[in-house]
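**Student:** The residues making up each chain are set out below.
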Amino acid sequence: MAGNFTRGIILEQRKEPALRRKLRTFLNANYAGMLFDSDLPYDGAALSGEQIIELAKLARIVDERDGVFLHEKLEKARQMKIEVVVGDAIDDEPYVSSQMNPLLFMQKETGEGLRLAAKAVGNPKIYFAIYKNLSDMDLKTKLPKDIDGVEIRRIHGRYPAEFRTMDDFDSDGPTVMIGVCSLIHLYRAVYEHRIQSTCFVTVAGGCVANPMNLEVSIGMTPTHLFERCGLAEDPGYVVIGGSMTGEICEDPDNYPVGTMSRAVLALRDEEKKRRYRCIGCGRCAEVCPENLTPFYINRYIELEKYQELAFYDIHRCIGCGTCSYICPAKIDIAENIKLAVAELRRRRRQKEGD
Amino acid sequence: MQPEQNSVKKNLRKELDLIFVKNPVLVTGLALAPAVVGGFTVKNGLGLSLVFGMVTIPVLVLASFLGMLSPKVPQYVRTIAYVVLAALMLIPARMLASGIAPNLFDSLGMYFSAMALNTVWLIRAPLCQEKKPQWALWEGVCQTLGVSVCILAVSAVRELLSYGTFWGNPTFLSVKFPAMAYAFGGFIVVGVTAAVLRWGIDRVHDIARLAQRQQQKWRVER
Amino acid sequence: MLQNEPKAPYVRNRDSAFTVMMDVVVALLPLYFMAFYFYGLRALMLGLASVAAAVISDLACVLLEGKRPYPRDISSVVTGMILPLMMSAATPYYVVVSASVFAIVLVKHVFGGVGQSAFNPAAAGFAFAAACWPSQVFSYPAPFSSPAPFGAITEGLASGPAWSLFQGGVPTNDILDLLLGKFLGPMGLTNILVLATCLFYLLFRGAIGWQAPAAFFGIMVVAMMLFPRIPESGPMSLVYESTAGMWIFGGIFMLNEPGTLPKRSSSRIAYGALAAIFTILFQRFGRVEQTFAFALLLTNVFGFTFDRYSERLLRRLRRVYLATRTKLSEKKSAQRA
Numbered sequence: 001m002a003g004n005f006t007r008g009i010i011l012e013q014r015k016e017p018a019l020r021r022k023l024r025t026f027l028n029a030n031y032a033g034m035l036f037d038s039d040l041p042y043d044g045a046a047l048s049g050e051q052i053i054e055l056a057k058l059a060r061i062v063d064e065r066d067g068v069f070l071h072e073k074l075e076k077a078r079q080m081k082i083e084v085v086v087g088d089a090i091d092d093e094p095y096v097s098s099q100m101n102p103l104l105f106m107q108k109e110t111g112e113g114l115r116l117a118a119k120a121v122g123n124p125k126i127y128f129a130i131y132k133n134l135s136d137m138d139l140k141t142k143l144p145k146d147i148d149g150v151e152i153r154r155i156h157g158r159y160p161a162e163f164r165t166m167d168d169f170d171s172d173g174p175t176v177m178i179g180v181c182s183l184i185h186l187y188r189a190v191y192e193h194r195i196q197s198t199c200f201v202t203v204a205g206g207c208v209a210n211p212m213n214l215e216v217s218i219g220m221t222p223t224h225l226f227e228r229c230g231l232a233e234d235p236g237y238v239v240i241g242g243s244m245t246g247e248i249c250e251d252p253d254n255y256p257v258g259t260m261s262r263a264v265l266a267l268r269d270e271e272k273k274r275r276y277r278c279i280g281c282g283r284c285a286e287v288c289p290e291n292l293t294p295f296y297i298n299r300y301i302e303l304e305k306y307q308e309l310a311f312y313d314i315h316r317c318i319g320c321g322t323c324s325y326i327c328p329a330k331i332d333i334a335e336n337i338k339l340a341v342a343e344l345r346r347r348r349r350q351k352e353g354d
Numbered sequence: 355m356q357p358e359q360n361s362v363k364k365n366l367r368k369e370l371d372l373i374f375v376k377n378p379v380l381v382t383g384l385a386l387a388p389a390v391v392g393g394f395t396v397k398n399g400l401g402l403s404l405v406f407g408m409v410t411i412p413v414l415v416l417a418s419f420l421g422m423l424s425p426k427v428p429q430y431v432r433t434i435a436y437v438v439l440a441a442l443m444l445i446p447a448r449m450l451a452s453g454i455a456p457n458l459f460d461s462l463g464m465y466f467s468a469m470a471l472n473t474v475w476l477i478r479a480p481l482c483q484e485k486k487p488q489w490a491l492w493e494g495v496c497q498t499l500g501v502s503v504c505i506l507a508v509s510a511v512r513e514l515l516s517y518g519t520f521w522g523n524p525t526f527l528s529v530k531f532p533a534m535a536y537a538f539g540g541f542i543v544v545g546v547t548a549a550v551l552r553w554g555i556d557r558v559h560d561i562a563r564l565a566q567r568q569q570q571k572w573r574v575e576r
Numbered sequence: 577m578l579q580n581e582p583k584a585p586y587v588r589n590r591d592s593a594f595t596v597m598m599d600v601v602v603a604l605l606p607l608y609f610m611a612f613y614f615y616g617l618r619a620l621m622l623g624l625a626s627v628a629a630a631v632i633s634d635l636a637c638v639l640l641e642g643k644r645p646y647p648r649d650i651s652s653v654v655t656g657m658i659l660p661l662m663m664s665a666a667t668p669y670y671v672v673v674s675a676s677v678f679a680i681v682l683v684k685h686v687f688g689g690v691g692q693s694a695f696n697p698a699a700a701g702f703a704f705a706a707a708c709w710p711s712q713v714f715s716y717p718a719p720f721s722s723p724a725p726f727g728a729i730t731e732g733l734a735s736g737p738a739w740s741l742f743q744g745g746v747p748t749n750d751i752l753d754l755l756l757g758k759f760l761g762p763m764g765l766t767n768i769l770v771l772a773t774c775l776f777y778l779l780f781r782g783a784i785g786w787q788a789p790a791a792f793f794g795i796m797v798v799a800m801m802l803f804p805r806i807p808e809s810g811p812m813s814l815v816y817e818s819t820a821g822m823w824i825f826g827g828i829f830m831l832n833e834p835g836t837l838p839k840r841s842s843s844r845i846a847y848g849a850l851a852a853i854f855t856i857l858f859q860r861f862g863r864v865e866q867t868f869a870f871a872l873l874l875t876n877v878f879g880f881t882f883d884r885y886s887e888r889l890l891r892r893l894r895r896v897y898l899a900t901r902t903k904l905s906e907k908k909s910a911q912r913a
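Sequence order for the protein chains is Y, A and Z.
For the first sequence, our numbering gives the first residue as 1, with consecutive numbering after it.
For the second sequence, our numbering gives the first residue as 355, with consecutive numbering after it.
For the third sequence, our numbering gives the first residue as 577, with consecutive numbering after it.
Don't read these hints as lab results, they were simulated from the structure.
Check before you lean on any hint, since a few could be wrong.
To be verified - Derived pair list, reagent style DSS-like, types lysine-lysine, alpha-carbon separation capped at 25 Å:
#1 Lys108(Y) to Lys142(Y)
#2 Lys330(Y) to Lys583(Z)
#3 Lys76(Y) to Lys903(Z)
#4 Lys338(Y) to Lys583(Z)
#5 Lys76(Y) to Lys907(Z)
#6 Lys273(Y) to Lys643(Z)
#7 Lys81(Y) to Lys125(Y)
#8 Lys305(Y) to Lys583(Z)
#9 Lys330(Y) to Lys643(Z)
#10 Lys125(Y) to Lys907(Z)
#11 Lys272(Y) to Lys330(Y)
#12 Lys351(Y) to Lys330(Y)
#13 Lys376(A) to Lys530(A)
#14 Lys583(Z) to Lys272(Y)
#15 Lys583(Z) to Lys273(Y)
Using the sequences plus the hints, can you model the full thing?
**Tutor:** What follows is the structure, given as structure tokens:
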């Protein structure tokens, strides 16, 4: 057990049936199986750390956890003498399982990929981290004891978990967390000299007939994905990203799905339009994982008193959306904070420009 | 000759604003304590306005004279002079007040005398030192009119609501809100009156703006 | 970008402001049932009049402000329901209606409306009624005497145990009567067993937090037992004070009003404690027999201050937390190196 987060909210995970279905592929025939040129052997055991990083660079692997190039991450970790490398399969948002599913169904690739990454960094300890909320009863999938010999650490507690996990592994030493999908691509880069041309997404949501996890070519559009999975009804809106932190896709016919997309959701427009005003209940302050007070932040944003926001530590907001989730008046607090932070930045830039 | 006459009219017109638009009690919030606490019947209200007038007007005129005739006198000496004059004016005020009602001084109690050092002349006297005496007099008159309008309106409402009488004569209203005679009721009535005044002023401004626009249209058409 | 486009997060909690306020309404219904049981139809009619006055004046204010009225916003209904429960069942209708209108217009809307009020509207309405017509609000009919549903009531009224406590004497009611609520007192506050049930209902529904009521009741109980007003032993004093006074009702329904309650746990505890201290002081040195509403109005002033201080404390704590975490991980890696 790695972490148990007590601040935050318990979310209904809604990951079934996508989680237990086998990972399928949905590739654009033109770009399947692109390879790069390299003289290095196709065997991980024969490579040194720097050569692994070189292969990662040639394969142009992007880590889906934060959008950083994998080779840059490994290089920096090597320089900082990282002692723990963690394969991140933490999917804490509802519907999303695009890291857990490949981990469970491609165990050999992920385990070997993690060992390759560890070799690239030095000689660190290695774990996999999975978010399994014990209070969530609809996860029918059973987690194995280990993945290809690598220990699994389970993160318990409330959403948001992915952001806060770093603190718990830190107790063993400096840690770097790498997304498991990029580890799969690293395995393929070493053993097949394959460029990363695919990404792993979950296609789910109330309007999708067959929710599943797919490995898709980068650049596929949500419309293609929905045709592949089948739409039971016309979606109210399409979301790219997680259900808590994603963005609405305005043009599902042309939007290119990429490594950072993580999930494509077709959701019904279920939330009735309510015009409540903030009643001052304070639930937002009770659940904020960073222990901020979104009530006052939202109040001052509504009153446009931006000078007070710094006192309430608005810049420590991690954008998890917990406050908006729990607000009984259905106020988009997280959205307001995001816009206010942008406004503050704009004002500061203006002042510096003068 | 023309510009002087205009400035005379302008000065006259400017001070008239004090009665409604810049009412010292309702808009600027001066002299609140006597208005709120003391004025709960019309008789009291009239007495308070009387005291106010008898105290403020002479003090403002004196301020103007002092400013004109002895500019070298330091400010604190002048203030002491104003205070002495204000206190002295209470004596004729009391005599006049007993003409309105025999026990007016007693029913007003402390607030009769507290009117002597009201915030209106405390603030305006230094400014009146720059003015000519006739304008100081006119300003004093307008301030008094403004304060009287407010206190009389408020005290009329309070007397009707708390005792159901007007100037001591019973009216058709039955006694409903005895608490309006107390301080907290007074605050509420003053607050509501200020809000109503504000609303009235805004409506008058709206009408004035409409009329102005209409006039401009006619001028263009001509 | 559409105007009504939903924003992240796209899953939301099922509770809404309507359900939160409905919880309070549901918790008040047993009290009305008790009032009906003791005093007959008049209790329900007073409640209805108060709610109607509150809703109509709320509607008028919203229209005056130029906004569209929103029927799902039932905060005025809650205020209207709380008000008559604190008054006697024989209160004339104009008292209840004017208190209701005062609370909604002059305390809720003048200060900003829902969630913005500086003072608890129900407490302010009761304070207004108690200051304006103290004899009408504080003289109670006997339970089961069925006061007439409409019209003014002029006979059969007396003061209850609260008056005896106020004078410093010991009430002469039977203990069982006191605990079951069969004594002269405000319409809905007398039965503390029903009140306790309402409290637990609200706590388990999550409609109110536990911090403020816990601090408030804790200090009140301790003060009642250790420093009794009357020449009786601690527990007996507690029984008399809690059944005769309105502070139990106040601690459940009025202390936790969302708009005025501070938002952070530490400030809620301080707020509850301060409310208890003020209630005790008002009971000792005040001029009215039921003093919780006035004490609450005074405490409302400090709600924002407590929040401000706890925010300062939290800012320090956040930085300390960050600093210790960085220091710990640096120390651990230094140890390993």
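**Student:** Each of the hints needs a verdict: does it hold here or not?
**Tutor:** Results of checking the hints against the structure:
1. Lys108(Y) to Lys142(Y): holds (18 Å)
2. Lys330(Y) to Lys583(Z): Roughly 11 Å separates the two Cα atoms, so the pair holds.
3. Lys76(Y) to Lys903(Z): holds (21 Å)
4. Lys338(Y) to Lys583(Z): Cα-Cα ~11 Å, so holds.
5. Lys76(Y) to Lys907(Z): holds (20 Å)
6. Lys273(Y) to Lys643(Z): holds (16 Å)
7. Lys81(Y) to Lys125(Y): Since the Cα atoms of Lys81(Y) and Lys125(Y) sit roughly 12 Å apart, the hinted pair holds (cutoff 25 Å).
8. Lys305(Y) to Lys583(Z): holds (23 Å)
9. Lys330(Y) to Lys643(Z): holds (19 Å)
10. Lys125(Y) to Lys907(Z): OK: Lys125(Y) and Lys907(Z) at ~18 Å, within 25 Å.
11. Lys272(Y) to Lys330(Y): holds (10 Å)
12. Lys351(Y) to Lys330(Y): violated (34 Å)
13. Lys376(A) to Lys530(A): violated (32 Å)
14. Lys583(Z) to Lys272(Y): Since the Cα atoms of Lys583(Z) and Lys272(Y) sit roughly 13 Å apart, the hinted pair holds (cutoff 25 Å).
15. Lys583(Z) to Lys273(Y): Roughly 12 Å between the alpha carbons, so the hint for Lys583(Z) and Lys273(Y) holds.
Consistency note: the structure conflicts with the earlier hints numbered 12, 13.
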